[in-house]
Amino acid sequence: MKIKSQRDFWAGMMFLVVGMAFAWGATAYSFGASASPGPGYFPFGLGILLALLGAIELFKALTFESEGGDPIGHVAWRPTLVIIAAVAGFGYALPHLGLFIALPLLVVMVSLAGDEHHWGEAAISAVVLTAASWFIFVFGLKLVIPLKPAILGFGG
Amino acid sequence: MDLIHNLVLGFGVALNWTNLAYCLLGAVLGTLIGVLPGLGPVATIAMLLPSIYSLDATPALIMLAGIYYGAQYGGSTTAILINVPGESSSVVTAIDGYQMARQGRAGAALSVAALGSFFAGCVGTVIIAAFAPPLTELAFKFGSAEYFSLMVLGLIGAVVLASGSLIKAIAMIVLGLLLGQINTDVISGTPRFSFDIPELSDGIGFVAIAMGVFGFGEIIANLGQGSANREVFTSEVKHLWPTKDDFRLAYPAVLRGTLLGSILGVLPGGGALLASFAAYTVEKKMAKDSSKFGKGAIQGVAGPESANNAGAQTSFIPMLTLGIPPNAVMALMVGAMTIKGIQPGPQVMTSNPELFWGLIASMWVGNLMLVVLNLPLIGIWIKLLSVPYRFLVPAIMTFCCIGLYTLNNNDFDVYMGAIFAAIGFVFYKLKCEPAPLLLGFILGPMMEEHLRRALLLSRGDWTVFVSRPISAGLLLAAAAMIVVVTLPSISKKREETFQED
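Order-wise, the sequence lines are chains A and B. In terms of the working numbering, the first sequence has 76 at position 76, counting the first letter as 1, and numbering is strictly consecutive. In terms of the working numbering, the second sequence has 1048 at position 48, counting the first letter as 1, and numbering is strictly consecutive.
With a straight-line Cα cutoff of 30 Å, these simulated BS3-like cross-link-like pairs (lysine-lysine) come out:
#: 1; chain 1: B; residue 1: Lys1288; chain 2: B; residue 2: Lys1244
#: 2; chain 1: B; residue 1: Lys1244; chain 2: B; residue 2: Lys1284
#: 3; chain 1: A; residue 1: Lys2; chain 2: B; residue 2: Lys1429
#: 4; chain 1: B; residue 1: Lys1431; chain 2: A; residue 2: Lys60
#: 5; chain 1: A; residue 1: Lys4; chain 2: B; residue 2: Lys1431
#: 6; chain 1: B; residue 1: Lys1429; chain 2: A; residue 2: Lys60
#: 7; chain 1: A; residue 1: Lys142; chain 2: B; residue 2: Lys1340
#: 8; chain 1: A; residue 1: Lys2; chain 2: A; residue 2: Lys60
#: 9; chain 1: B; residue 1: Lys1285; chain 2: B; residue 2: Lys1295
#: 10; chain 1: B; residue 1: Lys1429; chain 2: A; residue 2: Lys4
#: 11; chain 1: A; residue 1: Lys4; chain 2: A; residue 2: Lys60
#: 12; chain 1: B; residue 1: Lys1284; chain 2: B; residue 2: Lys1295
#: 13; chain 1: B; residue 1: Lys1340; chain 2: B; residue 2: Lys1141
#: 14; chain 1: B; residue 1: Lys1244; chain 2: B; residue 2: Lys1292
#: 15; chain 1: B; residue 1: Lys1295; chain 2: B; residue 2: Lys1244
#: 16; chain 1: A; residue 1: Lys2; chain 2: B; residue 2: Lys1431
#: 17; chain 1: B; residue 1: Lys1285; chain 2: B; residue 2: Lys1244
#: 18; chain 1: B; residue 1: Lys1295; chain 2: B; residue 2: Lys1383
Because the hints were derived from the structure by calculation, they are not lab data.
Whole structure, please, built from the sequences with the hints as guidance.
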């Protein structure tokens, strides 16, 4: 069997697997009866429906010709991974290291995500944005954001 | 008269200094992101959701609404001047608008776009004010069965009219509905799909999904494309006022565009995008000399620009009266209302009349501000185009990440944002449009509640959805929509339309 559309194949696969996972997960909750549907009723039905739609999409991907096999195409790994890592890293760093370290880290990482990168510009962005964020969020809006590393004892 | 009384109330609210300030802020932000290619209203509103926690509901919604219709104005500027539509709804404006700019008529194109938009915005505001009350009354007659069927129709309609592959789009809705199931069951109090993570038993944060998939996702997609060379017609924007001949050709197009946009905006899946495409097609068909299209026909700018603004405006009708969002921006507005503790639905008009009428009146005020912002101040916006994207990205990311953290003052929402950025990227690569997912996610809990209540009342009889006439009619309409778009002749046309995107 030959995959005739890569994108549709993987999309169908995703829907099929996620749908089945939800339906299987829903069996852990009380299903109830039609007259008094329980917490598992709606998610089970939806999971099955999603799996069915995924199966149809898979069938389509394997039977109908598409132009050039509809490949998923070039993945821009660099910006993708850098952005995701920067966000997750910020989530970890902010409560532990505080805004004054976490934010410059985020800004420098993000500045390096694109094709063009200049260290000087990244540093300026980091300083300006950190100062502006402190001014807007901490000083202006009085939000509670940890500022310095918690280990030093006066975080927050 | 009620309408007058309501509008007086609305203008009283909209013209108070705080609300005027937020309306202006929304309009400026909207123009800004409209001008900047690669940053749309959905992403921007998603990014701003955390900031509305500190605001009252009325100024918050006034500001968010301003961003949406403001983007329609700003989007046309870049479409005309650099042939890069700032917004997807300005794609067709670029066709003739850019040609006009090349012939040195950029000023005329810009003013026709702005004036047409203003006219359409005024009409749109009146239409909302006139049609919202009767629709609300109708909605009060709805029981759970009708509501469930209405949501089915809304969701189906949204994908039938507005996205590529039908099966994928429906699957994305269902996936959204399922993500909405990660919560604590309202009726039995059972936590579902939470994997014993306490944060998950409150449900996935709407802001984290919206920001991850739309905000971060859009940034990744833009960075992946690299920068393109642009030719900017800045020096030629001098004669702003269109000639008499321009007016003669443009005003019927504005009228037609407004009418068409107003109608399409109300439909599920409608809104600015669909309206502008339809209006361009109509103008091309109506014109005596259609060979001019694509070579700088002023109707090709006037029609779609009026239509997209009218559509942006009237798409508030189903959101405000029924609580059902017809497109992704409205889904975000519903989310914003929920954040502010307002249950969207027909009761908003009676329980929060200041919010309801104030928002409507603010749209007219906002449109007026936008004409001023866009015509005399056009030079400032053009200058902004020269700001490189690499300076913008860190600023946007900073704002987003701090916003995510301050939602609940913990890191969980930031991680969720990162996860949804990754998921959003997968969707982008597999050509699965994320907008239907957001609609499903917003409507999921409401839909489940109405389904279960309807079944409870009918003692488990599923035929209740087809035996009650209104409900049956709504489901029939949904089924008809699917059948119609799968007909071979139409599905071919539909594919062609979306190819142009």
